[in-house]
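These protein sequence lines map, in sequence, to chains F and E. For the first sequence, position 308 (counting from the first letter as 1) is numbered 308 according to UniProt numbering, and the numbering increases by one without interruption. For the second sequence, position 341 (counting from the first letter as 1) is numbered 341 according to UniProt numbering, and the numbering increases by one without interruption.
Among the hints, erroneous ones may be present.
It does not matter which identical chain is used: a pair holds within one copy or between any two.
As the list claims (entries may be wrong) - Below 20 Å or equal to it, Euclidean Cα-Cα: the simulated EDC-like pairs (lysine to aspartate or glutamate) are:
id: 1; residue 1: K142; residue 2: E82
id: 2; residue 1: K209; residue 2: E99
id: 3; residue 1: K349; residue 2: E163
id: 4; residue 1: K174; residue 2: E79
id: 5; residue 1: K338; residue 2: D247
id: 6; residue 1: K123; residue 2: D261
id: 7; residue 1: K32; residue 2: D168
id: 8; residue 1: K123; residue 2: E329
id: 9; residue 1: K123; residue 2: E258
id: 10; residue 1: K86; residue 2: E189
id: 11; residue 1: K86; residue 2: D303
id: 12; residue 1: K338; residue 2: E201
id: 13; residue 1: K259; residue 2: E316
id: 14; residue 1: K25; residue 2: E329
id: 15; residue 1: K363; residue 2: D205
id: 16; residue 1: K259; residue 2: D248
id: 17; residue 1: K325; residue 2: D261
For the record, the hints were derived by calculation from the structure and aren't laboratory data.
These are the residues of each chain, in order.
There are 2 protein chains.
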Amino acid sequence: MDNQKIHMNGGDGPKSYAKNSEYQKQVVGYSKRVLNELIHQQLDVGINPHFNPCNPFHIADFGCSVGRNTYLAAQNIVEAVEQKYKSNEDRENPLLVPEFFVFFNDLVQNDFNTLFSYIDSNKPNYYIAGVPGSFHGRVFPKAFLHFAHSSMALLYLSRIPEEVMNRDSAAWNKGVIHYSCSGAAKEVEAAYSTQFRKDIEAFLDARDKELVPGGLMVITTLGILDGVLPCECAMGVTFSILGSCLDDMANVGIISEEKLDSFNLPYYYTSQMELETLIKAHGCFDITRFEKLPTPLRQVVHDVQTAVLSIRVVTEALFQQHFGKDITEELFQRCAEKFRSHPVIYDDKYRTEASYFVFLKRKTETSKPGI
Amino acid sequence: MDNQKIHMNGGDGPKSYAKNSEYQKQVVGYSKRVLNELIHQQLDVGINPHFNPCNPFHIADFGCSVGRNTYLAAQNIVEAVEQKYKSNEDRENPLLVPEFFVFFNDLVQNDFNTLFSYIDSNKPNYYIAGVPGSFHGRVFPKAFLHFAHSSMALLYLSRIPEEVMNRDSAAWNKGVIHYSCSGAAKEVEAAYSTQFRKDIEAFLDARDKELVPGGLMVITTLGILDGVLPCECAMGVTFSILGSCLDDMANVGIISEEKLDSFNLPYYYTSQMELETLIKAHGCFDITRFEKLPTPLRQVVHDVQTAVLSIRVVTEALFQQHFGKDITEELFQRCAEKFRSHPVIYDDKYRTEASYFVFLKRKTETSKPGI
Numbered sequence: 001m002d003n004q005k006i007h008m009n010g011g012d013g014p015k016s017y018a019k020n021s022e023y024q025k026q027v028v029g030y031s032k033r034v035l036n037e038l039i040h041q042q043l044d045v046g047i048n049p050h051f052n053p054c055n056p057f058h059i060a061d062f063g064c065s066v067g068r069n070t071y072l073a074a075q076n077i078v079e080a081v082e083q084k085y086k087s088n089e090d091r092e093n094p095l096l097v098p099e100f101f102v103f104f105n106d107l108v109q110n111d112f113n114t115l116f117s118y119i120d121s122n123k124p125n126y127y128i129a130g131v132p133g134s135f136h137g138r139v140f141p142k143a144f145l146h147f148a149h150s151s152m153a154l155l156y157l158s159r160i161p162e163e164v165m166n167r168d169s170a171a172w173n174k175g176v177i178h179y180s181c182s183g184a185a186k187e188v189e190a191a192y193s194t195q196f197r198k199d200i201e202a203f204l205d206a207r208d209k210e211l212v213p214g215g216l217m218v219i220t221t222l223g224i225l226d227g228v229l230p231c232e233c234a235m236g237v238t239f240s241i242l243g244s245c246l247d248d249m250a251n252v253g254i255i256s257e258e259k260l261d262s263f264n265l266p267y268y269y270t271s272q273m274e275l276e277t278l279i280k281a282h283g284c285f286d287i288t289r290f291e292k293l294p295t296p297l298r299q300v301v302h303d304v305q306t307a308v309l310s311i312r313v314v315t316e317a318l319f320q321q322h323f324g325k326d327i328t329e330e331l332f333q334r335c336a337e338k339f340r341s342h343p344v345i346y347d348d349k350y351r352t353e354a355s356y357f358v359f360l361k362r363k364t365e366t367s368k369p370g371i
Numbered sequence: 001m002d003n004q005k006i007h008m009n010g011g012d013g014p015k016s017y018a019k020n021s022e023y024q025k026q027v028v029g030y031s032k033r034v035l036n037e038l039i040h041q042q043l044d045v046g047i048n049p050h051f052n053p054c055n056p057f058h059i060a061d062f063g064c065s066v067g068r069n070t071y072l073a074a075q076n077i078v079e080a081v082e083q084k085y086k087s088n089e090d091r092e093n094p095l096l097v098p099e100f101f102v103f104f105n106d107l108v109q110n111d112f113n114t115l116f117s118y119i120d121s122n123k124p125n126y127y128i129a130g131v132p133g134s135f136h137g138r139v140f141p142k143a144f145l146h147f148a149h150s151s152m153a154l155l156y157l158s159r160i161p162e163e164v165m166n167r168d169s170a171a172w173n174k175g176v177i178h179y180s181c182s183g184a185a186k187e188v189e190a191a192y193s194t195q196f197r198k199d200i201e202a203f204l205d206a207r208d209k210e211l212v213p214g215g216l217m218v219i220t221t222l223g224i225l226d227g228v229l230p231c232e233c234a235m236g237v238t239f240s241i242l243g244s245c246l247d248d249m250a251n252v253g254i255i256s257e258e259k260l261d262s263f264n265l266p267y268y269y270t271s272q273m274e275l276e277t278l279i280k281a282h283g284c285f286d287i288t289r290f291e292k293l294p295t296p297l298r299q300v301v302h303d304v305q306t307a308v309l310s311i312r313v314v315t316e317a318l319f320q321q322h323f324g325k326d327i328t329e330e331l332f333q334r335c336a337e338k339f340r341s342h343p344v345i346y347d348d349k350y351r352t353e354a355s356y357f358v359f360l361k362r363k364t365e366t367s368k369p370g371i
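Excised from the complex, chain F in its bound form (with noise of 0.2 Å):
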C-alpha cells in the first residue's frame, strides 16, 4: 500500500472530515500566535530580492484536506505577510504588498470539489489554485514557494514499510494494525520509525527545491513526548482497540484472518528528538523554532461518540479500502463499546502525545544537488 490511496473523509456531512476535525482547528489557531512573531522577526523583507513585493507571493499547504483548517491556516498566514510588508519601519517609503497566491495541496484522491466550494464561499482575497500529487515528491518548479505549511499531514507514511507484511520477517505485524498496539515487537516499530526517516527526507528535499532562498516552512506534527512507548498513549491505546475489535470480527468470520494480517495503519508518531535529529541531519533548514503545543481539546473528550467519531474521520476510508465498505458500521459501534469499559478517554496518564510545532527557514547557500 502506498500513500496514493490515503484520504480523510470527503464530502460536509455528519461523519465528513470538514465537519469533525476540531483538533486540527485548535492546532491552527494556536500556531497562529506563534506564527505571526516569527513570521515578523524571519521574513527577510526589504533585504532577500526573493521577497520583492512587485512579484506574487507564493504560499502552499501541503495535505490541506478539504476543510475549514486549511483556510484558517492559510488565512492566517497571509495576513502576518501582510503586516510584515505594512510593518516596514521606512514610514515615508512603505513597501508595497504583494499579491498572494495560496496553493492547496494534497493527494489525487482528495476531494478538491468540496475544498474549493469551501474556500470558494469564503471569498479570499488572494489567488487561489489546487496542486494535485504526493508532496513526497516535487510538485512545484524549482525556487517558486516563499512559504509552506503542513499540519497534521507529516504522520501519514507514504507507504507501509515492506517488512511489516513480510512473514519471513521479524518486523511481521500478525494480528496487529500499527506499531503501537501492545503486542507488536519492537522490529515493527523500527521498521515505521525507518520509513519515516525516509519520507521527512523526502519531503525535506523537495521543499528544498521549491522553496526560495531564506523561504519559510512551518510544520506541526502529531507526535509522542520523548522517551515515551508508543503503546502507552492515548492513540496505542485506541488502535490496539480498534486492532481487538477487528479481530473480534475476524473471530466470527464478518472479515478474514488473512485481511486482518495484512491491514497496517500509516501513521508514525515521531518525538522531538527524533524529528529534530532528521532536519539537523537533512542540513538544508535552519530550526528557528520547535515547540510542543498545548492541546487542550485531548483533555476534555470525555464523550465516547466524539471519541470515536474524531478517529472514524481519519480512519475509516482506510478500514473500507482494504476492508470493504459494509464493515466499518459494526467496526465502529464495536470500537465505541470498547471504548466504554476503558479508562483512556478520562485517564490523564494517556495524554502522552504531543502537537509539534516546528518552524524552518531555508538557507540561503545553494540546495543539495539530486532531483
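For chain F, the structure is supplied; the task is to place chain E on it using the hints.
Here is chain E on its own, set in the frame of chain F:
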C-alpha cells in the same frame, strides 16, 4: 442566471463530457499545427526577459472542463514552447528549457476531481494546478502567465441578458430558448450580442493584467460565418427542435409554461467580423492570426444518436438545473424523434457554423489602468 452554474456533464460515464467531446478534440488537433508555427514565430525567447528559462513558464487553460482535450491542448503548447527554446540558433550556447507549470481553470462547480485523476494518469512532465473561478474576472496575479489558452469556452455567456427575461422588454424571449430559434425577435439577438461584448471585454481586461508583456494567447470558439442568420445554421435548428420539444412537454403539463418562458441557453455564436472588431477595439492585444478551422466532424455526423448525445453532454446540466433532473431523459428522446424527420443532420446547407482560431500577442506597452 449567471455562469457560475454552467458546467459540462461530469464524471467519465457514457453520457459524460469527458467521453463525448470528439468535436472539441478535433479542434485541438487542428490548432496544433498552426500553434507550432506561430509559437515559433512569436515567442520572444532570448529577447524578452519575461521568457528567461531560469524561471518557470506558466501556461493556463481557461474553461478547461474535465476531459482529455484540455490535457492535449496543454501538451501541444508545452511541446511547441520546448521546441522554441531548443531551436535557439546559437548552437554553442543553447538556451536552457524552463520548467513548465500548467494551470487548469474553470468555474468552481467544475469536476476538478475527475480532471486531476485524468491528468495524473497521463503522468505529464510538467507541474499542474487547478484554478477555480470565472475567467471573466481575475484568477491570477498580474504578469504571472506566459501563455493563455481558451478552447470553446468563450461562447458561454457569463449571464443571460436581463431584458431577455423581462416581460416588458422587446427582447423578452417568450416560448423560445435561444436567440437563434425560429420565432425569436431581433432584439433577443441584440441583447445576447451586447452581453457577449461585455464578456469579451472582461475576459481581455483580465488576461491583459495576467499575461506578461509579449505573452501569447490562443482562443478557439464556435461561431457562424459572416452574414449568416443564426436561425439558419445547424445550432439554430437544433435549439429550435429542443425548444419545440419543451413546448410539447409544456402542452401536456410535464413542465410549466412559465418555466419554459424563463429558460434561455447561455451560448453566443460570434462571427469573425464581430470578434475581430471587439479585440481591436479593446486595444491590448495584437491579432497575429485569425482563421477559420476546418471542422470535418460537423460534416460527417449523419447519425441521430451521436448528434443528440453531443448536444446532451453540453446542455443537460442546464436543463436539469432549471426544470429538474427528471425531464431530460424524455426531452432528449423527443429530440431524437424530431431529428429523424429533419434534414439538419445530413443537409450541408445547415453547415454555416465555423470554428475560429485566434492567436493574440499581448502588447508590450503598459496595460490599461483599472481592475
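- Give me the numbers of the hints this structure contradicts, sorted from smallest to largest. Of the numbered hints given earlier, those the structure breaks are 3, 4, 6, 7, 8, 9, 10, 11, 12, 14, listed in rising order.
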